[in-house]
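Enquirer: Make the full structure from the sequences, and use the hints.
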Amino acid sequence: DGSGAGRKRKSRWAEDDPLPVIQLPDFMKDFTADLDPEVQTLNILLLEINRKLQSGLPLDDRPECARSPSPEPIYDNLGIRINTREYRAREKLMKERQEIISKLIQKNPAFRPPADYRPPKLHK
Amino acid sequence: QQQVALQKLVFQAGALPTKVLCLSQVVTEDELKNDEEYEDILEDMRGEGGKYGALVNVVIPRPSPNGEETPGVGKVFLEYMDAEGSVRARQGLNGRKFGGNQVSAVFYPENKFASGEYDG
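Order-wise, the sequence lines are chains D and G. Just so we're aligned: 597 in this note's numbering is position 95 of the first sequence, and the numbers increase by one with no gaps anywhere. Just so we're aligned: 1235 in this note's numbering is position 119 of the second sequence, and the numbers increase by one with no gaps anywhere.
The hints are simulated quantities; they were obtained by calculation from the structure and are not laboratory data. There could be a bad hint or two in this list.
Below, simulated EDC-like cross-link-like pairs (lysine to aspartate or glutamate); rule was C-alpha separation at most 20 angstroms, straight line [unchecked claim]:
id : chain 1 : residue 1 : chain 2 : residue 2
1  : D       : Lys597    : D       : Asp563
2  : G       : Lys1213   : D       : Glu517
3  : G       : Lys1167   : D       : Glu517
4  : D       : Lys554    : D       : Asp618
5  : D       : Lys512    : G       : Asp1156
6  : D       : Lys512    : G       : Glu1159
Far from chain G by the CB rule (all over 12 angstroms, computed), these chain D residues [said to hold, decoys possible]:
id : residue
7  : Lys512
8  : Ser513
9  : Asn545
10 : Glu550
11 : Ile551
12 : Asp562
13 : Asp563
14 : Ala568
15 : Ser572
16 : Glu574
17 : Glu588
18 : Tyr589
19 : Arg599
20 : Ile602
21 : Pro616
22 : Asp618
Only part of the chain D face toward chain G is listed, based on derived beta-carbon distances under 8 angstroms [what the hints assert, rightly or not]:
id : residue
23 : Arg511
24 : Arg514
25 : Ala516
26 : Cys567
Note that this is a predicted model, so its numbers are computed, not measured. Quick reminder that beta carbons are idealized off the backbone N, C-alpha and C, glycines included.
Expert: Shown next as structure tokens:
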């Protein structure tokens, strides 16, 4: 049993140095948020997606054998296919982008979303 | 009146020194439920807290056995003889790790502490 273990135990206090007592006021969080590794990762992901979207290069360059089956085609009034592979790839990236921006806003209220960002609608 | 409001604000922020130091994010409800662990924590607090000044009282709110919510669970209050002790303790304890949790230490209003209000 552990009855004897309780006596000569180590204190839970860690020996490391305490933080300086000067605590940054709340508004400083806007500046320090960018130092958060998670925010940094999100920022990098966002830049990467923006770069892809603006590059004009094919967004889905997987070889045919690596692709999953295409969905049923959807056509507009003129008989032009709407859900092309390119279109679907773009939609997917846009969705990812919106999600990353949502997270960034959550982490840092001072984050300025791009003009085309729409907050996600809450579904019932 | 404005000044009173301002003073209150500063008090709430825990910036003005009082004799009572409130440590938050220290302990979990589960740790406090266990009598032995509770005693250990109390001992650790007395030991470490005593290094900074004369401790008058250590209060660690515990969860009530019937599952009712008790205010202040997770916090530890250290009352010192004088503000000098609590100021030193704050410098020494703020940001230190206790059982892996990073402790934040702020001053707590003496009148609230005296009347047993631990919710702040």
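Enquirer: Each hint should be assessed against the structure and marked as holding or not.
Expert: Comparing the hints with the structure gives:
| no. | hint | verdict |
| --- | --- | --- |
| 1 | D/Lys597 - D/Asp563 | holds (19 angstroms) |
| 2 | G/Lys1213 - D/Glu517 | holds (8 angstroms) |
| 3 | G/Lys1167 - D/Glu517 | holds (13 angstroms) |
| 4 | D/Lys554 - D/Asp618 | holds (16 angstroms) |
| 5 | D/Lys512 - G/Asp1156 | holds (10 angstroms) |
| 6 | D/Lys512 - G/Glu1159 | holds (11 angstroms) |
| 7 | Lys512 | violated (9 angstroms) |
| 8 | Ser513 | violated (5 angstroms) |
| 9 | Asn545 | holds (25 angstroms) |
| 10 | Glu550 | holds (33 angstroms) |
| 11 | Ile551 | holds (34 angstroms) |
| 12 | Asp562 | holds (45 angstroms) |
| 13 | Asp563 | holds (46 angstroms) |
| 14 | Ala568 | holds (44 angstroms) |
| 15 | Ser572 | holds (51 angstroms) |
| 16 | Glu574 | holds (53 angstroms) |
| 17 | Glu588 | holds (49 angstroms) |
| 18 | Tyr589 | holds (48 angstroms) |
| 19 | Arg599 | holds (34 angstroms) |
| 20 | Ile602 | holds (28 angstroms) |
| 21 | Pro616 | holds (35 angstroms) |
| 22 | Asp618 | holds (39 angstroms) |
| 23 | Arg511 | holds (7 angstroms) |
| 24 | Arg514 | holds (4 angstroms) |
| 25 | Ala516 | holds (4 angstroms) |
| 26 | Cys567 | violated (49 angstroms) |
Taken one by one, the earlier hints fail for this structure at numbers 7, 8 and 26, listed in ascending order.
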